[in-house]
Amino acid sequence: MERDHGRHRQNPSAPGWRSRRHGRPMSMPSVLWRAGAIPSLRLARRSRRPARRGFSLVELLVALTVLAVVSVTVFARGGDTLAQLHGLEQRTLARWVAENEVARIRLDRETALRAGGRSARVDVGEGSWRVETTLRATAHEGLWQVTVEVRAVERGGAGGVASGAVDTLVAFVGEH
Numbered sequence: 001m002e003r004d005h006g007r008h009r010q011n012p013s014a015p016g017w018r019s020r021r022h023g024r025p026m027s028m029p030s031v032l033w034r035a036g037a038i039p040s041l042r043l044a045r046r047s048r049r050p051a052r053r054g055f056s057l058v059e060l061l062v063a064l065t066v067l068a069v070v071s072v073t074v075f076a077r078g079g080d081t082l083a084q085l086h087g088l089e090q091r092t093l094a095r096w097v098a099e100n101e102v103a104r105i106r107l108d109r110e111t112a113l114r115a116g117g118r119s120a121r122v123d124v125g126e127g128s129w130r131v132e133t134t135l136r137a138t139a140h141e142g143l144w145q146v147t148v149e150v151r152a153v154e155r156g157g158a159g160g161v162a163s164g165a166v167d168t169l170v171a172f173v174g175e176h
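The numbering used here puts the first residue of the sequence shown at 1, with every later residue one more than the last.
Hints were generated in silico from the structure; no laboratory data involved.
Treat each hint with caution, since some may be false.
Said to hold, decoys possible - Have a look at the derived ranges for each label pair, beta carbon to beta carbon:
(1) Val122 to Leu67: 14 to 22 Å
(2) Arg121 to Val74: 23 to 31 Å
(3) Ala83 to Glu141: 43 to 51 Å
(4) Arg52 to Thr92: 13 to 21 Å
(5) Thr134 to Glu154: 20 to 28 Å
(6) Phe172 to Ala68: 54 to 62 Å
(7) Leu88 to Val170: 49 to 57 Å
(8) Val62 to Val122: 53 to 61 Å
(9) Val122 to His86: 31 to 39 Å
Cβ atoms here follow ideal geometry from the backbone N, Cα and C, with glycine treated the same way.
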């Protein structure tokens with residue numbers, strides 16, 4: 001296993017084995033490391049460069065892309081939640097308006113019940129509501145079916161424009 005590459009002999013046990021720099025005899029770990037028998041020492045020697053700090057541009061762009069996708073998703077869900085909350089508020093107020101109209105009919109003892117309909121505008125909460133009430137006789141004498149349709153009135157214009165029915169309530173009322 002003795003090869004001569006010009007300057008140094010590669011056999012560490014042979015006499016005259018010297019380091020390249022100082023001409024002194026080399027220690028056995030150094031000899032093994034130079035021969036490639038100890039890879040961990042080789043890696044340790046190579047890793048003496050200062051460690052990189054921070055992120056590369058590609059890593060930063062990937063992180064920003066992920067953040068942007070997550071942000072868009074979160075804000076879209078937040079917008080959906082606000083729309084659902086607004087719809088729930090509208091339906092709740094419309095139900096209250098309808099129940100108030102049925103209670104008004106039940107408590108109005110001065111006016112006799114008769115078949116037909118009427119329309120009125122009611123202000124509840126921060127909005128206006130168009131209330132359409134229909135009275136119909138039933139098969140039982142003295143019992144009336146009351147159908148109350150409530151529509152939100154859009155602001156603007158002279159009377160406002162009523163949207164589609166937000167809530168419909170059907171109740172039964174007896175004669176006084």
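We went through each hint and held it up to the structure:
Separation of valine 122 from leucine 67 is about 48 Å and departs from the stated range, judged on CB atoms against 14 to 22 Å. A beta carbon spacing of about 40 Å between arginine 121 and valine 74 contradicts the range 23 to 31 Å that was offered as a hint. Remark: the range hint 43 to 51 Å for alanine 83 to glutamate 141 is upheld by a beta-carbon distance near 47 Å. The hinted window of 13 to 21 Å between arginine 52 and threonine 92 is violated, with their beta carbons roughly 59 Å apart.
Checked against the hint of 20 to 28 Å, the pair threonine 134 and glutamate 154 passes, with Cβ atoms roughly 23 Å apart. Remark: the range hint 54 to 62 Å for phenylalanine 172 to alanine 68 is upheld by a beta-carbon distance near 57 Å. As the Cβ distance of leucine 88 to valine 170 is approximately 21 Å, the hint placing it in 49 to 57 Å is violated. Valine 62 and valine 122 have their C-beta atoms about 56 Å apart, which keeps the hinted 53 to 61 Å range intact.
Distance hint check: the CB atoms of valine 122 and histidine 86 are about 19 Å apart, inconsistent with the given range 31 to 39 Å.
When the structure is compared with the earlier hints, violations turn up for hints 1, 2, 4, 7, 9 and for no others.
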